[in-house]
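Those sequence lines, one after another, are chains C and B.
Under the numbering used here, the first residue of the first sequence is numbered 1, with each subsequent residue one higher.
Under the numbering used here, the first residue of the second sequence is numbered 1, with each subsequent residue one higher.
Be aware that one or more of the hints could be misleading.
Since the list gives no way to pick one copy over another, a pair counts as held whenever it fits inside one copy or between any two copies.
[To be verified] DSSO-like, lysine-lysine: derived pairs with alpha carbons at most 27 Å apart:
| # | residue 1 | residue 2 |
| --- | --- | --- |
| 1 | Lys199 | Lys170 |
| 2 | Lys275 | Lys319 |
| 3 | Lys235 | Lys296 |
| 4 | Lys235 | Lys334 |
| 5 | Lys328 | Lys199 |
| 6 | Lys152 | Lys275 |
| 7 | Lys85 | Lys193 |
No lab work stands behind these hints, which were simulated from the structure alone.
2 protein chains.
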Amino acid sequence: MSELETIIIGIGGVGCIVAYGIEYTNKSNVSIIVRRDYEKVIKDGYEVDSCDYGKFNWKPKNIYKDIEAAAASGKEFDYIVVTTKSLPDVVKTEDLIKPLVSKKSTIVLMQNGFDLGRPFFDKYPENVIVSGVSHIGSHNNGGVIHQTQNDKSLVSYFESPTIPVEIQEKKTKDFIDIYSNDKNNCTYFPDGKWYRYRKLVYNATLNTTCALTVTDTAINEYAGGLDAISIPAMKEVIKIAKADGVDLPDDVINSVCHSDDGDYFSPSMCVDVQKGNPIELESILGNLLVRGKELKVETPVLDTLYSLLKVVQYKLKVKNGYITLPEKRPITDKFYQ
Amino acid sequence: MSELETIIIGIGGVGCIVAYGIEYTNKSNVSIIVRRDYEKVIKDGYEVDSCDYGKFNWKPKNIYKDIEAAAASGKEFDYIVVTTKSLPDVVKTEDLIKPLVSKKSTIVLMQNGFDLGRPFFDKYPENVIVSGVSHIGSHNNGGVIHQTQNDKSLVSYFESPTIPVEIQEKKTKDFIDIYSNDKNNCTYFPDGKWYRYRKLVYNATLNTTCALTVTDTAINEYAGGLDAISIPAMKEVIKIAKADGVDLPDDVINSVCHSDDGDYFSPSMCVDVQKGNPIELESILGNLLVRGKELKVETPVLDTLYSLLKVVQYKLKVKNGYITLPEKRPITDKFYQ
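Take the sequences, apply the hints, and build the full model.
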C-alpha cells in the first residue's frame with residue numbers, strides 16, 4: 001500500500017477514468033467522492049468499458065458520499081483532483097474542498113476554462129494549483145462508464161503569486177508521476193497559460209455562439225454566424241492573449257475554424273443547453289472578460305455573447321432549482337431609460 | 001349577396017376571426033384559403049369559441065385549398081387579406097398572391113413587422129397596400145378556433161410612392177368599412193409608419209433577445225439582459241425612427257419595459273423558437289436594419305442580434321425542411337482569417 005493519498009471529486013465519465021488511471025499506476029491510494037451514483041457504486045462498483053483499460057468491473061476501496069464523509073475519514077490527501085464541471089456561479093470549488101485541504105495538498109483542477117486558479121491563490125497560498133486539460137472522451141450513465149477516446153491530458157500549473165516556480169513545477173511533475181501510465185497519455189506542458197488561451201479561441205467563441213443559437217458549428221458557419229460573430233470574437237480572444245503576454249500562432253483562427261471539419265459538431269456548452277444543464281459560462285467566458293478588463297482590452301462581441309448567455313444561464317439555474325422565482329412576476333415602479 | 005369579393009389567405013386563429021368578422025359585417029362575400037385544415041373545414045367547418053362572436057360552427061361558402069384553386073374560381077377580388085406569418089425568407093407573399101391580384105384589388109397585410117409594403121410597390125404599382133396591426137388573441141387547433149382577446153386592429157396603409165395619398169386613404173377606409181362591425185374594434189390610424197416603429201421598440205429588442213435566449217421578458221430582466229442588450233437595442237430603434245422622421249415618445253423605453261408587468265411573458269418569436277417554427281426575423285428585424293443602413297444609422301447591438309438569430313433561423317429552416325444539408329459536413333480548404 002502506497003503512502004500517498006489521492007481523492008477525486010466529481011466522478012463522471014472523466015473522473016472515473018482519471019481515478020482508475022491513478023489506481024492502475026499504483027503509486028497512490030485512491031479515494032473517490034460519488035454523489036448521484038453512490039448507492040449503485042458502493043454495492044456493485046463501476047461497470048467500465050474503456051478504450052484504454054478494457055472492460056471490467058471496478059469498485060474503488062474508499063468511496064465517500066460527500067466531502068464531509070471524506071474529511072471524517074481522517075486521511076490527509078496529497079492530491080485533491082477536481083473533475084467536476086466548472087460552475088463557479090453555482091458552487092465555488094475552492095469552498096467545497098476546504099475540509100480536505102491540508103498544507104501538503106496539491107490541488108489538481110482537471111476542468112474546462114480559464115484562470116481557474118485565481119480563487120484558490122488567496123484561499124490556499126501554500127498549495128500548488130495544478131492545471132489539467134483533458135482531451136478524453138468518456139461518459140457516465142448511472143455508474144456505467146463508456147470511454148471512447150484515449151485519456152490524453154496536458155498538465156501544468158496555474159501560476160501562483162506566492163509559491164516559487166520550482167516548487168510549482170515539482171509538485172506538478174509529482175502529480176504526473178502518480179497519474180501517468182502505459183495506457184494513458186499525460187504530459188507536462190510548461191506553458192499552461194498559453195494552452196488555455198489557445199483553447200479559448202474555440203471555446204469562448206464557437207462554443208458560446210453555438211450555445212446561444214443551440215446549433216452545431218456547421219450551421220453556424222452556413223448561416224453567417226462564423227463570419228459575423230465567432231471570428232470577430234476570436235480576434236478579441238487573441239487581443240486579450242497578446243495583452244497578457246501570450247502570442248498565439250498566426251493561423252490560429254484558420255485552425256480553429258477547421259477543427260470540426262467533416263462533422264456537424266455541437267460543442268459542450270451547446271450540449272449542456274440542449275440537456276437543460278447549467279453552462280460553464282463563467283469559467284470559459286466570464287473569467288476571460290475579467291482578465292480582458294484588467295488589461296483594458298475592448299471586447300464588444302464577447303461582452304454581448306456573455307450578456308446573452310447570462311440570460312440563458314439564469315434560465316437554466318431556474319430550471320435546475322438554483323434560483324426560485326415568485327409565482328407571479330412582481331410589478332415594480334422602476335423607471336427604465 | 002354583396003358585389004364585393006374578399007379573400008383571406010392564411011387562416012389560423014387570427015385569419016379565421018378576421019374572415020368571420022368580414023362575413024358578419026355582411027358587406028362583402030368572403031372566400032378563404034385553407035391549407036392544413038382543408039379536409040376538416042370543407043367537411044365540418046370551423047368550431048369557433050370567440051370572445052367577440054360567441055360559440056358557433058362556421059363553414060364559409062367559398063373554401064379553396066390553394067391560391068391556384070382560388071384563382072381558377074374566376075372571382076375578381078376587391079380585397080386580398082393576408083394573415084399568414086410574415087416569412088419573406090421562406091415564402092414571398094408578393095409572389096404567392098400574384099394569381100389573385102387584379103387592378104381593382106386592395107392588398108391588406110395584417111402581419112407583424114416593418115416596411116412590409118416595400119416588395120409590393122414595385123410589383124403592384126397600382127394597388128393600395130393596406131397595413132393592419134392586429135392585437136387579437138386567437139388560436140387555431142386543427143380547425144378549432146379559440147379567441148380569447150378582442151379583435152382590435154389599427155389600420156392604415158404602407159405609403160406607396162406611385163399612388164396619390166387620397167386614394168390610399170380612401171381604399172384603406174373602404175377596407176375598414178367592410179371589416180369593422182359592432183363586435184370588433186377596427187380603427188383607422190393615420191400614421192401607420194409611426195405605429196410600426198412604436199411596435200418595433202418591443203419587437204426588435206425584447207422579442208429578439210428572448211427568442212435568442214429562449215426565455216421570457218422577466219428572466220431577461222433579472223439576468224441583466226434587459227439593461228445590457230434590450231434597452232441599448234431600443235435606443236437604436238429610436239435612432240433609426242428619428243432618422244426616418246418619426247419621433248417616438250420620450251418615455252417609450254419605460255412603457256415598453258413595463259408592457260409585460262406582472263407576467264412571465266414569452267414574446268411571439270421566442271414561442272416560435274420553442275415550437276421549432278421559423279421566426280419572423282426579416283420582417284421584424286431584417287427590414288428595420290435595411291432602413292437603418294439606408295439612413296446611415298449605426299446599430300451594433302441590433303446587428304449582432306440579427307446575425308445570431310440568422311443562425312437560429314437557419315437551424316429552424318433545416319428542421320422544417322426548407323434547407324437540406326448533405327449527410328456529412330463537407331470539408332473545404334477555405335482559409336479563415
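Right, here's what the structure says about each hint:
1. In the homo-oligomer, the alpha carbons of Lys199 and Lys170 lie at most 27 Å apart inside one protomer (25 Å), although the nearest pairing across protomers, at 64 Å, exceeds that limit.
2. Within a single copy, Lys275 and Lys319 get their C-alpha atoms as close as 11 Å, and across copies as close as 18 Å, so both meet the 27 Å cut-off.
3. When the C-alpha separation of Lys235 and Lys296 is checked against a cutoff of 27 Å, the pair qualifies both within a copy, at 15 Å, and between copies, at 26 Å.
4. In this assembly of identical chains, Lys235 and Lys334 lie within 27 Å of each other by CA distance solely across copies; the values are 18 Å between and 38 Å within a copy.
5. With identical chains, the CA atoms of Lys328 and Lys199 are at most 27 Å apart between copies only, with a shortest distance of 25 Å across copies and 42 Å within one.
6. In the homo-oligomer, the alpha carbons of Lys152 and Lys275 lie at most 27 Å apart inside one protomer (26 Å), although the nearest pairing across protomers, at 40 Å, exceeds that limit.
7. Taking the closest pair of Cα atoms, Lys85 and Lys193 come within 27 Å of each other only inside a single copy of the chain (20 Å); across copies the shortest separation is 50 Å, beyond that limit.
Of the numbered hints given earlier, the model fails none.
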